[in-house]
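S.K.: Could you put the whole structure together from the sequences, leaning on the hints where they help?
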Amino acid sequence: MSVQVQAEDFDLGAEVRAAHAGCLRVGAVASFVGYVRDLNEGDEVRDLVLEHYPGMTERALERIEAQARERWTLDAVRVIHRVGRLAPGQQIVLVVVASAHRGEAFAACEFLMDYLKTQAPFWKKEQTPAGARWVEARSSDDAAAQRWGGNG
Amino acid sequence: MSVQVQAEDFDLGAEVRAAHAGCLRVGAVASFVGYVRDLNEGDEVRDLVLEHYPGMTERALERIEAQARERWTLDAVRVIHRVGRLAPGQQIVLVVVASAHRGEAFAACEFLMDYLKTQAPFWKKEQTPAGARWVEARSSDDAAAQRWGGNG
Amino acid sequence: MIRIAYFARLREAFGTDGEQCPLPAGVADVAALTQWLCGRGGAFAAELAAGRAFRVAVNLDMADAATLVRDGDEVAFFPPVTGG
Amino acid sequence: MIRIAYFARLREAFGTDGEQCPLPAGVADVAALTQWLCGRGGAFAAELAAGRAFRVAVNLDMADAATLVRDGDEVAFFPPVTGG
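Protein chains in written order, with the working numbering: chain A, 226 to 377; chain B, 226 to 377; chain C, 959 to 1042; chain D, 959 to 1042.
Derived from the structure by calculation, the hints contain no laboratory data.
Owing to the predicted nature of the structure, the values given are computational and were not obtained by experimental measurement.
One should not assume that every hint holds.
[What the hints assert, rightly or not] Capping the alpha-carbon separation at 20 Å, the derived lysine to aspartate or glutamate pairs in EDC-like fashion look like this:
id, chain 1, residue 1, chain 2, residue 2
1, A, K350, A, E233
2, A, K350, C, E1005
3, B, K350, B, D268
4, A, K350, A, E361
5, B, K350, B, E295
6, B, K350, B, D234
7, A, K350, A, E266
8, A, K350, A, D272
9, A, K350, A, D268
10, B, K350, D, E970
11, B, K350, B, D236
12, A, K350, A, E295
13, B, K350, B, E269
14, B, K350, D, E1005
15, B, K350, D, D975
16, A, K350, C, E970
17, A, K350, A, E269
18, A, K350, C, D975
[Claimed, not checked] Cβ-Cβ distance ranges computed for the label pairs, FRET-style:
id, chain 1, residue 1, chain 2, residue 2, range
19, C, Q978, A, Q371, 31 to 41 Å
20, B, E266, A, A232, 42 to 52 Å
21, B, A243, C, C979, 48 to 58 Å
22, B, S364, D, D975, 27 to 37 Å
23, B, A355, A, A232, 45 to 55 Å
24, B, T298, A, D367, 18 to 28 Å
25, B, A246, C, M959, 29 to 39 Å
26, B, A357, A, A232, 48 to 58 Å
27, D, D975, A, D272, 51 to 61 Å
28, A, A232, B, T298, 25 to 35 Å
29, A, G314, B, G314, 28 to 38 Å
30, A, D272, B, E295, 31 to 41 Å
31, B, R310, A, Q352, 51 to 61 Å
32, D, A1011, A, Q371, 32 to 42 Å
Heads up, the beta-carbon is just placed ideally off N, CA and C, and yes, glycines get one too.
M.R.: Structural data, given as structure tokens:
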């Protein structure tokens, strides 16, 4: 399975090795890891809880991967998104894309992150000194997804 | 040292961990690994030898890093480029960029690769069934570097 | 019967992660189902009012106001997503 | 004295990775040094002819035809780069 939702941590190095997989046609692997920050909207974040919609989330991620594979020639795609309670400094999300050439690997990796941010049903609740709060969606994320054109 | 030219292989996972370095302000690490392909310009590549200009190459990479840091707010940058004899499937180059936000990490990572491809003095000589040949510079690499504007 | 699921802020506001109920009379699309839920008043009326930012999925796919709702469907209401 | 270095295809074509020589009389910039090397004929004239793709660095920085060359400088000639 190339997309996965899990509570467990992941290992970027192992995922990139698996994406390259000794495939001698692959010249480029672009990857992204997102981390919990200790600050959001100016407030200290003690930890956060990631909720998702089991079934729909995986389906949304698979659809986003399929869109990337339609746009670019990719040899491997890997998306892992964690759920549950995470502390600042911990890894949240990984995207790895292997391709013959770097332009396609970079574009697809950024596209996957932009679409994931706006299309995949995950929600973050932060614990701050002032109490818990649901993170609000950012219009900058919508703008990032919209620059790829299409209807998402 | 954040830029390095070496014969030895590198470990992406370790470099990304070092770039994040438990810094709780970092929300995004974008990275790129380039690999030797077994095919170039339609010919089988048995191995290649990477030559560089000691002293100038490191200086060029440091200058490219400085340009990236002027353009974007980055928490860490790491560039490793290998030299010497490399076989298909082996890692050639690594770029890792840590930033608060993903847009800056992605942009800087791609910028560093585009500039490295056109500005850093490395030369590849391929061994093919028809004999050894120097790889020719690609106009697509010049175009990729030029889209960032400025004079490189 | 239809299954209605709530996530994140809506789950907390409604005090439940979902419910199962017969397809309400006269409800054939997302717009009508939303209006029917608003008719309950309280948190439903407040969270699902026109102009509030929420999303709807039908059978695990993103939907809009015109998406049809049929007996046996799963309809989910949730806030704009904030993963990644 | 100046140091002249050659890399990659040029190193092979000239049969050496470089040389040390007195700054040639009348040579004050990259253009003049290139012309002086071409004057040797053979591989130098062929590889450094007008229209051939090569690059020049002076003291480890990319240079162009107008870049000054002074006593003590290191000047390098090499093909367009192909790393990454």
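S.K.: It remains to establish, for every hint, whether it holds in the given structure.
M.R.: Do the hints match the structure? See the list:
1. A:K350 <-> A:E233: Holds. K350 of chain A to E233 of chain A sits at ~18 Å (cutoff 20 Å).
2. A:K350 <-> C:E1005: holds, 18 Å
3. B:K350 <-> B:D268: Holds: K350 of chain B and D268 of chain B sit about 13 Å apart, inside 20 Å.
4. A:K350 <-> A:E361: holds, 9 Å
5. B:K350 <-> B:E295: Violated, at roughly 34 Å.
6. B:K350 <-> B:D234: holds, 19 Å
7. A:K350 <-> A:E266: With a Cα-Cα distance of about 13 Å, the restraint between K350 of chain A and E266 of chain A holds, given a limit of 20 Å.
8. A:K350 <-> A:D272: Judged against 20 Å, a Cα distance of about 9 Å means the pair holds.
9. A:K350 <-> A:D268: holds, 13 Å
10. B:K350 <-> D:E970: holds, 11 Å
11. B:K350 <-> B:D236: Violated, because 24 Å separates the two Cα atoms, which is more than 20 Å.
12. A:K350 <-> A:E295: violated, 34 Å
13. B:K350 <-> B:E269: holds, 13 Å
14. B:K350 <-> D:E1005: holds, 18 Å
15. B:K350 <-> D:D975: holds, 16 Å
16. A:K350 <-> C:E970: At roughly 11 Å apart (the allowed maximum being 20 Å), E970 of chain C and K350 of chain A satisfy the hint.
17. A:K350 <-> A:E269: holds, 13 Å
18. A:K350 <-> C:D975: holds, 16 Å
19. C:Q978 <-> A:Q371: 31 to 41 Å: 37 Å Cβ-Cβ, so the 31 to 41 Å window holds.
20. B:E266 <-> A:A232: 42 to 52 Å: holds, 47 Å
21. B:A243 <-> C:C979: 48 to 58 Å: For C979 of chain C against A243 of chain B, whose Cβ atoms are near 54 Å apart, the range 48 to 58 Å holds.
22. B:S364 <-> D:D975: 27 to 37 Å: holds, 28 Å
23. B:A355 <-> A:A232: 45 to 55 Å: holds, 54 Å
24. B:T298 <-> A:D367: 18 to 28 Å: holds, 22 Å
25. B:A246 <-> C:M959: 29 to 39 Å: Given range 29 to 39 Å: violated, Cβ gap about 53 Å.
26. B:A357 <-> A:A232: 48 to 58 Å: Distance hint for A357 of chain B, A232 of chain A holds at roughly 52 Å.
27. D:D975 <-> A:D272: 51 to 61 Å: Holds: the Cβ-Cβ distance is about 58 Å, inside 51 to 61 Å.
28. A:A232 <-> B:T298: 25 to 35 Å: Hint holds: Cβ distance 32 Å, inside 25 to 35 Å.
29. A:G314 <-> B:G314: 28 to 38 Å: Cβ of G314 of chain A to Cβ of G314 of chain B: about 33 Å, so the range 28 to 38 Å holds.
30. A:D272 <-> B:E295: 31 to 41 Å: holds, 35 Å
31. B:R310 <-> A:Q352: 51 to 61 Å: The hinted range 51 to 61 Å holds for R310 of chain B and Q352 of chain A, with Cβ atoms some 53 Å apart.
32. D:A1011 <-> A:Q371: 32 to 42 Å: holds, 41 Å
The structure is inconsistent with the numbered hints 5, 11, 12, 25, although it conforms to all the rest.
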